[in-house]
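Please work from the sequences and hints to get the whole structure.
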Amino acid sequence: MTDEQPDTDSTGGEAQKPITVFLVDDHGLFRAGVRAELDRGVPDVEVVGEAGSVDEAVAAIRHHTPDVVLLDVHMPDGGGAEVLRRVRPEAPSVVFLALSVSDAAEDVIAVIRAGARGYVTKTISGRDLADAVRRVHGGDAVFSPRLAGFVLDVFSDRPGAAPPGDPELDLLTRRERDVLRLLARGYAYKEIAGELFISVKTVETHVSSVLRKTQLSNRYELSRWASDRRLV
Amino acid sequence: MPTRGALERRRSGRLVAGVAGGVADHLGIDVLWVRAAFVVLAAINGAGVVGYALLWMFVRQESADTERAVPRRERQQAIGLVVLGLGIGLVAALLGNSVIGWIVGPLGVAALGAAVVWREADEAQRRRWAAGARSGVTGAAGGGRTALIRIVAGALFVALGIAVFLIGNINLGQVQFGLLAVIATIVGVGVLTVPWWLRLARDLGEERRQRIVEAERAEIAAHLHDSVLQTLALIQRQSDDPREVARLARGQERELRHWLYGPQGYGRGSTGGGVKAPALDEGLAESLTKAAAEVEDTYALTVSPVLVGADRQLDADLRALVLAAREAMVNAAKHAGVDEISVYVEIEPDEVNVFVRDRGKGFDPDDVPADRHGLADSIKARMARHGGRVRLRSTPGEGTEVHLAMTISDPAAPDRATDTDNEDRQEAPS
Chain A
580 MTDEQPDTDS TGGEAQKPIT VFLVDDHGLF RAGVRAELDR GVPDVEVVGE
630 AGSVDEAVAA IRHHTPDVVL LDVHMPDGGG AEVLRRVRPE APSVVFLALS
680 VSDAAEDVIA VIRAGARGYV TKTISGRDLA DAVRRVHGGD AVFSPRLAGF
730 VLDVFSDRPG AAPPGDPELD LLTRRERDVL RLLARGYAYK EIAGELFISV
780 KTVETHVSSV LRKTQLSNRY ELSRWASDRR LV
Chain B
6 MPTRGALERR RSGRLVAGVA GGVADHLGID VLWVRAAFVV LAAINGAGVV
56 GYALLWMFVR QESADTERAV PRRERQQAIG LVVLGLGIGL VAALLGNSVI
106 GWIVGPLGVA ALGAAVVWRE ADEAQRRRWA AGARSGVTGA AGGGRTALIR
156 IVAGALFVAL GIAVFLIGNI NLGQVQFGLL AVIATIVGVG VLTVPWWLRL
206 ARDLGEERRQ RIVEAERAEI AAHLHDSVLQ TLALIQRQSD DPREVARLAR
256 GQERELRHWL YGPQGYGRGS TGGGVKAPAL DEGLAESLTK AAAEVEDTYA
306 LTVSPVLVGA DRQLDADLRA LVLAAREAMV NAAKHAGVDE ISVYVEIEPD
356 EVNVFVRDRG KGFDPDDVPA DRHGLADSIK ARMARHGGRV RLRSTPGEGT
406 EVHLAMTISD PAAPDRATDT DNEDRQEAPS
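Chains as they are written, first to last, in the numbering used here: chain A, 580 to 811; chain B, 6 to 435.
Be a bit skeptical, because a hint or two may be false.
What the hints assert, rightly or not - With a Cα cut of at most 30 Å, we get these calculated DSSO-like pairs of lysine-lysine:
| # | chain 1 | residue 1 | chain 2 | residue 2 |
| --- | --- | --- | --- | --- |
| 1 | B | LYS366 | A | LYS701 |
| 2 | A | LYS780 | B | LYS366 |
| 3 | B | LYS339 | B | LYS295 |
| 4 | A | LYS780 | A | LYS701 |
| 5 | A | LYS701 | B | LYS339 |
In short, the hints are calculated from the structure, not lab data.
Next up, the structure:
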């Protein structure tokens, strides 16, 4: 989706130009930790800046226009969702990956709906984080098992759930559900591909499609989450 | 003055009570206009005077001592305006406007006295704040002789005004006059003590708020002390054992998270809006989460359960499922040699599926040593007794996944089993 830099796109792990990353988190200690981890072992990812508050982040992201922003979900003054709301319209090329210690479903879904391309927990290892950065930069979505679980839950057809309004957006296909289920079980994309006898590319397509539905669907639970957070 | 806070009366740079200045600050306009408005309003049956008095009564004085230099010109203008206001009032009274005649007459004298007393109350409040800031002593004594003189003088003015007002009505009958005197006295005392009543009410509210804040703080402090501080102390003592440190940190993280985001969590509003976090309700979800936590604590690794679906109350079958799942986690922790286990639980209306997966050593399912009772007894046999299914997939070098499936026999009766482990062994359908 970041088409203006075709050389670093999807396949190019060893491209000359490193992926520029911007950190947004109100905990300085955590920023320092992530920066150290990414600077140390990951040559193709470069941290270009960091911010500790929503306003600071908005200004700095406008200024730097990094490839990827690592965004804390919980911050004073509106948190990650607020940053997304203010920056995205102006800088559509910047990709956001949400990071959080909170596993509250509504918080996670709120940033995803505000436009983040993925969600990982802060306990993730440096290597996995770098992977996730590469993947969102390449245009994919990053679903941690927990996020996959949340999304499955939202789209489940439990008794009493409101009937879908737009089937194209409000229902997951059988295949998407299978992929999500395997993600929630802790499978990597490659393992999912092997399990379902499809290509990794197809897995990525399914996950992106689920992300799109999560962002655009008007399902009752989703809109309630969103309106609780005044997103809509 | 662009900052637009709550309406507060000015403390410095005021002429009478700082009302006009406060209003000007609040509206962001020049104070001269506000004063002029009060003067013009004063000409209309004294509305300006009444409005000023009401604002004086009910608007709090600003608490911070901001220095305002008042230019000579502004002070002169202000005094001029006050005099002008009085003049307009007098002229209106002379023109026969009865209400104004009242105000400027004896009641005007009383109002003047009240103004003096109120102003002194403002001063006392200021001194009290200042004293509180300096020494922590609240309720400091008044401002000595001058303050006393001012208060007494104000009270005398009020009394005098009321007396003159009463004498003006002396032609009334005995009873009416007595009644009027009583009412006038009560009103006079009421007006004089207004500042103290207001202060009493405000102090009460303030104290209540502080008590609530204090209780909240105490609760948080107690919790942090019991949990986080203890854990940090333990971690320091065990700092040479990274496994133990990780175990402690993970356990503490889980506990704190539950406290913050759990069902009755601290960080969760009482409305509980949104879909509940899929875990941590009473029932299947909670007991599975608890089992995962126990395995985490015992074997010092990470078990991250992901739960999907509406929670159910435990019954005998589901209890067996939880125990089997726990055993599967324990097996993975003991034998796989990994530091993370994935657990996925899907609760459907008619079936519950649990997947326990590791990326560890793996083994050949046909080649399990005979002494490993865990898999045979605790998982397979237990599941079989309750009509559940076990599917085991393991590849040496790639990891193991245990899939446990339990059909819910009676979806309509989600009764909670109150049994112990014995029940588990009692009935064996096969």
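How the hints compare with the structure:
Proposed proximity of LYS366 (chain B) and LYS701 (chain A) is supported: the alpha carbons are some 27 Å apart, at most 30 Å. Using a Cα cut-off of 30 Å, the hinted pair LYS780 (chain A) and LYS366 (chain B) holds, with the two alpha carbons roughly 28 Å apart. This hinted pair checks out: LYS339 (chain B) and LYS295 (chain B) have alpha carbons roughly 18 Å apart, not beyond 30 Å. Between LYS780 (chain A) and LYS701 (chain A), the direct Cα distance comes to roughly 27 Å. Compliance with the 30 Å bound is thereby established for this hinted pair.
Restraint check for LYS701 (chain A) and LYS339 (chain B): the C-alpha separation of about 26 Å stays at or below 30 Å, so the hint holds.
Checked against the numbered hints listed earlier, the structure breaks none of them; every hint is satisfied.
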